[in-house]
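Visitor: Listed in order, the protein sequences are those of chains F and L. Residue 87 in the UniProt record's numbering sits at position 87 of the first sequence; the count goes up by one each step and never skips. Residue 29 in the UniProt record's numbering sits at position 29 of the second sequence; the count goes up by one each step and never skips.
In case anyone wonders, no lab produced these hints; they're calculated from the structure. Mixed in with the good hints, there may be bad ones.
Said to hold, decoys possible - Quick list of in silico lysine to any residue cross-link-like pairs, SDA-like style, CA-CA up to 20 angstroms: (1) L:K137 with F:I29; (2) L:K137 with F:G49; (3) L:K107 with L:N8; (4) L:K107 with L:T77.
These numbers come from a predicted model, not from an experiment.
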Amino acid sequence: MDYIIQLIVSFFATAGIAIIFNVPRKTLIYCGFVGVVGWMIYFVLTEQGLDIVNASFFSAFVIAIVAHLYARRFKMPMIIFIVGGIIPLVPGGMAYNAMRNVVEDDYIQGLQYGLKAFLITGAIVMGLVFAEVLIQLIFRSVRTSKATFQKVYKK
Amino acid sequence: MVLREVDNEFTIDCLLLAGRIMIESGAETYRVEDTMLRMAHSQNMLDAQCYTTPTGIIFSLGKTQPTRITSISNRVTDLQKIALVNSVSRRLTSHMITLEDAYDELKSIQKTNYFLPTYIQVISAALASGCFLIMFKGGWSDFLFACLAGGLGFLVLLMINDLTKVKFFSEFTASLVVGSIAVFAVKYGHGTEIDKIVISSVMPLVPGILITNAVRDLMAGHFMSGMAKGAEAFLTAFAIGAAIAVTLSF
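Put together the whole structure using the sequences plus the hints.
Guide: Shown next, in the form of structure tokens:
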């Protein structure tokens, strides 16, 4: 039951953010879908006891792959589909906790939270970059193998 | 000869307009350069050089051609414009339209405001904030307060953005509103957790897209624009954090 609620809620949250950033109208549902995929992976992994940093990495990785496939299908920039999925992962809570601890004069605790937020941001970006490189490698090897196949076939 | 000069000027105009719209709508720097160079190549300008930062574009068509600069002062996130410019450049590079058509289309893209009406944006910000509260494991009793804080915060952001050109001031005020609504909800309403309400209603203001863009620019080797965008994201985050800190210290 918890999972179903999270599924529905993450769709509306992502679509709402997508409206604020003014994505093209017809891609709105797909943006929401990317967000659902990303958040469900993050949620399940953290429920299973995985560290937040690792969960963010895997989630961002999958988001980037799905976004890349959509970008190819709709012939639109990839950034449109990434936005919605990434926003729930952004460590707003960690940054808030860091700020709050700093305000309350507990600098050590604040520094810990701040460092964690920084790590999560790094993990998200590494997930995006890895997925991009992987997709490029796959498509390039597919293209070259297709070309060699055609060459051999023609001869 | 004279005709050729005019032609080059027109090409530069068109390319700079495309780049300008993309940067103003919040595209990554390397994508802007890629688009402009592809468009230039489709017009047989093979020597084109382009240097793009978030605050300006320097562009030249070749050794003997004049270099032009355009400076950019305000940026928003408007993904629809990026998609439209992208489709124009796609059609131009596959020679489905001429440069003149592309220029006319870009002009109309720049003039049009593609944003939905304010009330729809505010409602979606409110809905998103409420949903984020549930995603971050908040209780349903705080749902309405999160919606209220998120919607009002975003409305204040839009209103002050119209009045002043200092972006960070509007973000500061918006998060001040969010923070005070959360504090009052818990003090005098029936809200339970200040932290959860604040975190979820601040989400529409958080510079998530800026941070990702900044690091993707850094990874692509555009260190200047990556740093500039990183600074912008940091200032935004700092404005939000400072405002929340102010409300919490009451």
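Visitor: Does each hint fit the structure? Answer for all of them.
Guide: Do the hints match the structure? See the list:
The straight-line distance between the Cα atoms of K137 of chain L and I29 of chain F is roughly 24 angstroms, outside the 20 angstroms bound, and the hint therefore fails. Distance check on the hinted pair: K137 of chain L and G49 of chain F sit about 16 angstroms apart at the alpha-carbon level, within 20 angstroms; holds. A distance of roughly 18 angstroms separates the Cα atoms of K107 of chain L and N8 of chain L; the hinted pair therefore holds under the 20 angstroms criterion. For the suggested pair K107 of chain L and T77 of chain L, the alpha carbons sit about 19 angstroms apart, so the restraint of at most 20 angstroms is met.
The structure does not agree with numbered hint 1 stated previously, though it agrees with all others.
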